[in-house]
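Work the whole structure out from these sequences, hints included.
2 protein chains.
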Amino acid sequence: MAAYDHPDPATFELILVLRALADPARLDIVRHLGRVGEANCATLIGTRPKSSMSHHFQVLRESGVLRTRIEGVQHRNSLRFEELDARFPGLMTAILNAA
Amino acid sequence: MAAYDHPDPATFELILVLRALADPARLDIVRHLGRVGEANCATLIGTRPKSSMSHHFQVLRESGVLRTRIEGVQHRNSLRFEELDARFPGLMTAILNAA
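These protein sequence lines are chains A and B, in that order.
Every letter in the first sequence is one number past the one before it in UniProt numbering, and letter 30, counting from 1, is 30.
Every letter in the second sequence is one number past the one before it in UniProt numbering, and letter 41, counting from 1, is 41.
Just so you know, the hints here were simulated from the structure itself, not pulled from any lab data.
Watch out, some of these pointers could steer you wrong.
Restraint ranges, calculated between C-beta atoms of paired labels, are given here [claimed, not checked]:
| id | chain 1 | residue 1 | chain 2 | residue 2 | range |
| --- | --- | --- | --- | --- | --- |
| 1 | B | Arg35 | A | Gly37 | 48 to 58 Å |
| 2 | A | His55 | B | His55 | 18 to 28 Å |
| 3 | A | Thr11 | B | Gly72 | 39 to 49 Å |
| 4 | B | Ile15 | A | Glu38 | 44 to 54 Å |
| 5 | B | Arg69 | A | Ala3 | 44 to 54 Å |
| 6 | A | Gly37 | B | Gly46 | 41 to 51 Å |
Just some of the chain B residues that point at chain A, by a computed CB distance under 7 Å [to be verified]:
| id | residue |
| --- | --- |
| 7 | Leu14 |
| 8 | Leu18 |
| 9 | Ala22 |
| 10 | Pro24 |
| 11 | Arg35 |
| 12 | Val36 |
| 13 | Phe88 |
| 14 | Gly90 |
| 15 | Leu91 |
| 16 | Ala94 |
| 17 | Leu96 |
| 18 | Ala98 |
Covered by chain B, according to a simulated footprint, are these stretches of chain A (three or more residues, beta-carbon under 8 Å) [said to hold, decoys possible]:
| id | segment |
| --- | --- |
| 19 | 16-24 |
| 20 | 27-33 |
Using N, Cα and C, we set each Cβ at its ideal position, and we do this for glycine too.
Quick look at the structure:
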């Protein structure tokens, strides 16, 4: 596998970001990455079904919330925090701080 | 009709708020109310189909995003901004300020 596509921040859409975040499994991934910075898919998947998690990662990537870089056999994920914060100031901070 | 039910802020859930906001028609309503403060349903519906809009108002109400008060034959809607901001600091500000 070569590399994943990631949208340009200029094309980020609030609706797509909100949709990406509005799911318990995806919000868990986002919060986890908010704490640890970067994590591979296996760590983030935990005990959830792997098939549905591929879809969740795709939704997070396509909305611009998350970046996946490939390092050997590892897929390392991180939030695109700075780019999201530049485009939608305060949004990700509010999400990550929400109780 | 008596009055609508509105959830207590202590029961607000981030996922439900995000789901409520993650729709173009509902986000339009929220942004309109962010500008004008209060508006009746007819104003907010505009040219959209009334049936689907009832559902949208319900989703916004049940998540805690919006309050509807009945004044004669008018249903007056406003954001529950202070209550949302106390529960999820900065979230609604980020949403309303998003380009």
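Okay, the hints, checked on the actual structure:
| no. | hint | verdict |
| --- | --- | --- |
| 1 | B:Arg35 x A:Gly37: 48 to 58 Å | violated (38 Å) |
| 2 | A:His55 x B:His55: 18 to 28 Å | holds (26 Å) |
| 3 | A:Thr11 x B:Gly72: 39 to 49 Å | holds (46 Å) |
| 4 | B:Ile15 x A:Glu38: 44 to 54 Å | violated (24 Å) |
| 5 | B:Arg69 x A:Ala3: 44 to 54 Å | holds (53 Å) |
| 6 | A:Gly37 x B:Gly46: 41 to 51 Å | holds (44 Å) |
| 7 | Leu14 | holds (5 Å) |
| 8 | Leu18 | holds (4 Å) |
| 9 | Ala22 | holds (4 Å) |
| 10 | Pro24 | holds (6 Å) |
| 11 | Arg35 | violated (16 Å) |
| 12 | Val36 | violated (20 Å) |
| 13 | Phe88 | holds (5 Å) |
| 14 | Gly90 | holds (4 Å) |
| 15 | Leu91 | holds (4 Å) |
| 16 | Ala94 | holds (4 Å) |
| 17 | Leu96 | violated (10 Å) |
| 18 | Ala98 | holds (5 Å) |
| 19 | 16-24 | holds (count 6) |
| 20 | 27-33 | violated (count 1) |
Of the hints listed earlier, those the structure fails to meet are numbers 1, 4, 11, 12, 17 and 20, in rising order.
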